[in-house]
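The primary structure of each chain is shown beneath.
Number of protein chains: 2
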Amino acid sequence: MAQILECIPNFSEGQDEEKIEKIVQPFKDISGVKLLDYSADKDHNRLVVTMIGSPDALKKSVLEAMEIAVDLIDMNEHAGEHPRMGAVDVVPFTPVRGVTMEEAVELANEVAQEASEKMELPIYLYEEAATTPERKNLADIRRGEFEGFADKIQQPEWKPDYGPAELHSTAGASVIGARMPLVAFNVNLDTDDLEIANEIARKVRHSGGGLRYCKAIGIDLNERGITQVSMNMTDYTKTALYQSYEMVKFEAERYGVDVIGSELIGLLPAQALFDVAEYYLGVEDFSGDQIMENRLLEEL
Amino acid sequence: MAQILECIPNFSEGQDEEKIEKIVQPFKDISGVKLLDYSADKDHNRLVVTMIGSPDALKKSVLEAMEIAVDLIDMNEHAGEHPRMGAVDVVPFTPVRGVTMEEAVELANEVAQEASEKMELPIYLYEEAATTPERKNLADIRRGEFEGFADKIQQPEWKPDYGPAELHSTAGASVIGARMPLVAFNVNLDTDDLEIANEIARKVRHSGGGLRYCKAIGIDLNERGITQVSMNMTDYTKTALYQSYEMVKFEAERYGVDVIGSELIGLLPAQALFDVAEYYLGVEDFSGDQIMENRLLEEL
Numbered sequence: 001m002a003q004i005l006e007c008i009p010n011f012s013e014g015q016d017e018e019k020i021e022k023i024v025q026p027f028k029d030i031s032g033v034k035l036l037d038y039s040a041d042k043d044h045n046r047l048v049v050t051m052i053g054s055p056d057a058l059k060k061s062v063l064e065a066m067e068i069a070v071d072l073i074d075m076n077e078h079a080g081e082h083p084r085m086g087a088v089d090v091v092p093f094t095p096v097r098g099v100t101m102e103e104a105v106e107l108a109n110e111v112a113q114e115a116s117e118k119m120e121l122p123i124y125l126y127e128e129a130a131t132t133p134e135r136k137n138l139a140d141i142r143r144g145e146f147e148g149f150a151d152k153i154q155q156p157e158w159k160p161d162y163g164p165a166e167l168h169s170t171a172g173a174s175v176i177g178a179r180m181p182l183v184a185f186n187v188n189l190d191t192d193d194l195e196i197a198n199e200i201a202r203k204v205r206h207s208g209g210g211l212r213y214c215k216a217i218g219i220d221l222n223e224r225g226i227t228q229v230s231m232n233m234t235d236y237t238k239t240a241l242y243q244s245y246e247m248v249k250f251e252a253e254r255y256g257v258d259v260i261g262s263e264l265i266g267l268l269p270a271q272a273l274f275d276v277a278e279y280y281l282g283v284e285d286f287s288g289d290q291i292m293e294n295r296l297l298e299e300l
Numbered sequence: 001m002a003q004i005l006e007c008i009p010n011f012s013e014g015q016d017e018e019k020i021e022k023i024v025q026p027f028k029d030i031s032g033v034k035l036l037d038y039s040a041d042k043d044h045n046r047l048v049v050t051m052i053g054s055p056d057a058l059k060k061s062v063l064e065a066m067e068i069a070v071d072l073i074d075m076n077e078h079a080g081e082h083p084r085m086g087a088v089d090v091v092p093f094t095p096v097r098g099v100t101m102e103e104a105v106e107l108a109n110e111v112a113q114e115a116s117e118k119m120e121l122p123i124y125l126y127e128e129a130a131t132t133p134e135r136k137n138l139a140d141i142r143r144g145e146f147e148g149f150a151d152k153i154q155q156p157e158w159k160p161d162y163g164p165a166e167l168h169s170t171a172g173a174s175v176i177g178a179r180m181p182l183v184a185f186n187v188n189l190d191t192d193d194l195e196i197a198n199e200i201a202r203k204v205r206h207s208g209g210g211l212r213y214c215k216a217i218g219i220d221l222n223e224r225g226i227t228q229v230s231m232n233m234t235d236y237t238k239t240a241l242y243q244s245y246e247m248v249k250f251e252a253e254r255y256g257v258d259v260i261g262s263e264l265i266g267l268l269p270a271q272a273l274f275d276v277a278e279y280y281l282g283v284e285d286f287s288g289d290q291i292m293e294n295r296l297l298e299e300l
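Residue numbers (full-length UniProt numbering), protein chains in the order written: chain G, 1 to 300; chain F, 1 to 300.
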């Protein structure tokens with residue numbers, strides 16, 4: 001089966017269009033990578049790139065783009081609203097198909113090692129790739145930002161996972177890691193009572209005793225006169241979309257409220273929907289190899 | 001969006017492995033085509049090849065394989081159990097994604113025209129590509145087979161759609177066309193009473209007053225002590241899988257019989273399952289572009 005991951009690197013350049021184009025060029029040129037989107041925010045002074053591809057092609061293109069960014073961006077002159085600590089601020093890899101989390105973590109390590117050696121860049125591993133619980137959360141690593149990092153990096157507990165224990169003079173430090181893709185899934189309720197939507201969200205989400213890989217809040221859709229349980233499914237392979245859908249439905253019943261539809265926001269892996277179809281049709285022994293398009297993807 | 005079709009050409013050679021390998025070689029060599037399967041049956045003396053790919057790549061590889069088959073196979077020496085009228089007996093194209101039926105018909109015409117010119121081969125168009133109702137059905141065209149065709153081809157109503165109105169001396173004549181992919185979908189019933197399965201099948205299928213693009217029969221699964229409504233969905237874009245599933249369920253209710261699962265047999269397009277997930281989750285405004293893998297397929 002073809003191995004596909006998504007990668008969403010964040011670079012600290014959101015204003016200079018020439019530099020932005022140079023940084024994304026490798027994602028356009030290298031075969032086996034499909035550039036899905038890149039958007040620069042001037043106020044954040046930050047570039048967010050979304051792409052998918054095979055492990056090898058992603059690795060090659062990310063390393064090239066990192067080198068270009070390290071070359072072009074001077075963090076001493078960088079200002080923007082978004083917290084940041086390096087020219088290549090953060091690089092998450094997420095498995096899409098045929099890739100285990102362990103393999104995504106391995107890829108993050110390979111990229112971190114090569115980048116640290118080539119660019120003399122200090123690099124931290126985060127989320128599933130984190131080497132200690134304190135490094136799991138990006139915000140914890142990044143606290144202090146570029147300006148405070150010259151000191152922080154010298155504390156033993158903040159020794160980088162790869163590269164020198166001192167800040168790169170212009171590119172700062174980077175964070176690389178692996179995590180599951182988020183699936184943004186909203187379920188609409190036939191009520192304008194936000195309190196009901198919030199009550200349901202509380203029961204469905206992990207923190208309220210609900211589903212392990214589900215975050216949820218109630219949202220008011222004023223224009224339509226309805227409310228919504230807005231969910232982030234943080235691991236669709238373990239907590240499936242149909243589980244959160246059915247759970248919203250049976251929680252809504254106690255309020256006499258109907259579920260009247262749903263929304264899928266942004267990108268998601270095909271498997272998240274195959275799982276839904278399999279559940280509702282009760283399909284026995286289904287294999288992804290039966291999907292014609294999956295066979296084509298083996299070629300990549 | 002990438003255009004993908006499936007093509008399942010049938011060649012009249014099921015015994016000589018050297019020849020078989022030569023015929024399938026273009027499907028292995030030409031990029032943009034993924035050879036999914038090829039199987040030769042000695043008794044039928046027939047080779048069935050399954051592949052998917054872009055229109056251009058399919059056209060190129062099918063024409064090359066046809067030329068090789070026309071070169072290698074002498075129908076005067078061919079014997080086998082399966083009815084046949086030519087070296088390249090039949091070539092159906094089926095839309096998988098981003099392709100309309102009109103475009104599949106156009107592709108069938110292009111291949112038929114080029115093949116008839118290059119190989120001096122008489123060619124008939126069938127199914128959706130048929131030019132008259134009498135030519136829709138493959139069995140009607142093929143009746144008489146190679147041995148009877150020297151006469152049949154001279155009747156005005158059996159003038160080929162492309163190529164000369166006489167049989168190719170060694171390769172006979174070919175049938176090329178376009179049709180929807182079949183999705184084989186079986187729904188299991190918690191009863192061993194075949195009569196009930198047959199009654200339900202009768203109500204669900206088109207010929208019994210049921211769904212327009214659904215064929216169905218009852219089947220006894222002796223080993224499991226259950227029965228099954230075995231269906232062929234002849235156009236999943238118009239009659240969706242969830243429709244036939246729900247219909248089996250509500251017909252089964254009158255017998256107090258439960259639906260206890262289902263089976264998807266063989267290959268199917270991803271969209272057939274996306275439609276199911278969309279229905280059961282009630283997803284609003286969903287676009288195939290949101291599926292990560294779909295974006296990768298655009299590259300092909």
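Some hints here could point you the wrong way.
[Said to hold, decoys possible] Here are the simulated EDC-like pairs of lysine to aspartate or glutamate, each with C-alpha atoms no more than 20 Å apart in a straight line:
1) Lys28/G with Asp289/F
2) Lys249/G with Glu278/F
3) Lys249/G with Glu284/F
4) Lys28/F with Asp289/G
5) Lys28/G with Glu253/F
The set of hints was computed from the structure by calculation and includes no laboratory data.
Quick one: which hint numbers does this structure break? Sort them smallest to largest.
5
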